[in-house]
Amino acid sequence: KQEVTQIPAALSVPEGENLVLNCSFTDSAIYNLQWFRQDPGKGLTSLLLIQSSQREQTSGRLNASLDKSSGRSTLYIAASQPGDSATYLCAVSPLTGGGNKLTFGTGTQLKVEL
Amino acid sequence: KAGVTQTPRYLIKTRGQQVTLSCSPISGHRSVSWYQQTPGQGLQFLFEYFSETQRNKGNFPGRFSGRQFSNSRSEMNVSTLELGDSALYLCASSEKLAGAEELFFGEGSRLTVL
Numbered sequence: 081k082q083e084v085t086q087i088p089a090a091l092s093v094p095e096g097e098n099l100v101l102n103c104s105f106t107d108s109a110i111y112n113l114q115w116f117r118q119d120p121g122k123g124l125t126s127l128l129l130i131q132s133s134q135r136e137q138t139s140g141r142l143n144a145s146l147d148k149s150s151g152r153s154t155l156y157i158a159a160s161q162p163g164d165s166a167t168y169l170c171a172v173s174p175l176t177g178g179g180n181k182l183t184f185g186t187g188t189q190l191k192v193e194l
Numbered sequence: 044k045a046g047v048t049q050t051p052r053y054l055i056k057t058r059g060q061q062v063t064l065s066c067s068p069i070s071g072h073r074s075v076s077w078y079q080q081t082p083g084q085g086l087q088f089l090f091e092y093f094s095e096t097q098r099n100k101g102n103f104p105g106r107f108s109g110r111q112f113s114n115s116r117s118e119m120n121v122s123t124l125e126l127g128d129s130a131l132y133l134c135a136s137s138e139k140l141a142g143a144e145e146l147f148f149g150e151g152s153r154l155t156v157l
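Those protein sequences? They're chains A and B, same order as listed. If you're matching positions, the first sequence starts at 81 in the working numbering and goes up one per residue. If you're matching positions, the second sequence starts at 44 in the working numbering and goes up one per residue.
This is chain B alone, in the form it adopts within the complex (with noise of 0.2 Å):
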């Protein structure tokens, strides 16, 4: 079974741009959630999606928007970058909402504001 795929690995973006980070879940989860690294604040939820609905949001300003399709692939959308965007994109996918199992991690969207 592939695990979750997340797309592209690296990019490099300047301020003012905006960025489109894409993730494939692992086939049958209906979950993804997305999770903001960085060194100073650490992993923090963005959002999370379960049938093409957004059920969960983050503390994070309007500029960071998602979807998920109805193959339950998911896309976040970064608006106006600024130089604090700088970070590890994470996903992650789980069968089921309920949190009750174990969450599958991609290996992530590094992305530079310069």
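The shape of chain A in the complex, shown without the other chains (with noise of 0.2 Å):
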């Protein structure tokens, strides 16, 4: 059974600041990985997807990497604003069988401080 999980839970920054979040999954069986982005009440955005052949992808200040075979993907946020303040999900979604039947991390919950 694939397992995501993000870390840290929680973390807070100053504004202008370049950050990491973290996301390892344990079976790396996978078709893609979504970034999506979650404020407060609402539904999900789509930051970056990557397909499990690429290493990486970029849009504007976002660029998200993946290692497959280590079960690990980075999302890089550069020179971060307010606005950037939310909860980072990540997902993974099978190889085989499971069509956009997606498996989520439990959320990287940013703030970022004037």
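Everything labelled a hint here was simulated from the structure, so no lab data went into it. Check before you lean on any hint, since a few could be wrong.
Dumping the calculated DSSO-like pairs for lysine-lysine here, alpha-carbon to alpha-carbon at most 27 Å [said to hold, decoys possible]: (1) B/K100 to A/K81; (2) A/K81 to A/K191; (3) A/K148 to B/K139.
Some chain B residues well away from chain A (every beta-carbon gap over 12 Å; in silico) [claimed, not checked]: (4) T57; (5) R106; (6) N114; (7) S122; (8) E125; (9) G127.
The C-beta atom is built at its ideal place from N, Cα and C for all residues, glycine as well.
Relying on the hints, combine the two individually framed chains into one complex.
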């Protein structure tokens, strides 16, 4: 059974700092890994999708890497801003038969302070 | 392009009642999946529909059911509500079943069971 862990559970940083969020998964037979952002009481917004054959993806100040063999992904946020405050979730989809059956981590709650 | 629309956004029910939640996917998306989010269990996969057929199912009791219509809109139903069913129910859509693409989530339906 796939298990996804995110460390740290919560993080508070001053504005402008670069930061790294970690995600680990137990079964390397994944189709892809996605990073999402969730604001309080809202749905999820997709940030980055990394296919299992890829090593990293970038979008603006965000960079996500994937090391499938070690079961790890990191989300790097450059020059953090107060608007980045949210919960960040990673999720993996199974390699076979699972379609869009994602297994989610428990999230990292990020607060960026002025 | 309109996003994923979920209705109702908020609802309150009492134990033993049943509830139906609706999800309209992004135009052209044929896959609709449902997730339950609670503070204790996080995000858990309920089921996925593609072309009106249930393709994947999570580990939830039979009280949780769903369906998809020919226009790809989906409904989920929970019968004989229990206090533990209080949660944010999220719907997500994608074009394909294969899990190779981003999932787009709605804002969710927040169910409170009293």
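Structure-based check of all given hints:
Taking the CA atoms of B/K100 and A/K81, the gap is about 14 Å. The hint holds against a cut of 27 Å. As the CA atoms of A/K81 and A/K191 are separated by approximately 32 Å, the hinted pair breaks the 27 Å bound. Taking the CA atoms of A/K148 and B/K139, the gap is near 23 Å; set against the 27 Å cutoff, the hint holds. The non-interface label for B/T57 is consistent with chain A: the shortest C-beta to C-beta separation is roughly 23 Å, beyond 12 Å.
For B/R106, the non-interface assignment is confirmed: its Cβ lies about 20 Å from the closest Cβ of chain A, beyond the 12 Å cut-off. With a minimum CB-CB distance of about 19 Å to chain A, B/N114 clears the 12 Å threshold, and the non-interface call stands. Its beta-carbon lying about 23 Å from the closest one in chain A, B/S122 satisfies the requirement of being farther than 12 Å from that chain. Every beta carbon of chain A lies more than 12 Å from that of B/E125, the smallest distance being close to 22 Å; the non-interface claim holds.
Annotated as non-interface, B/G127 keeps its C-beta farther than 12 Å from every C-beta of chain A; the closest such distance is 18 Å.
The earlier numbered hint that this structure contradicts is number 2, and it is the only one.
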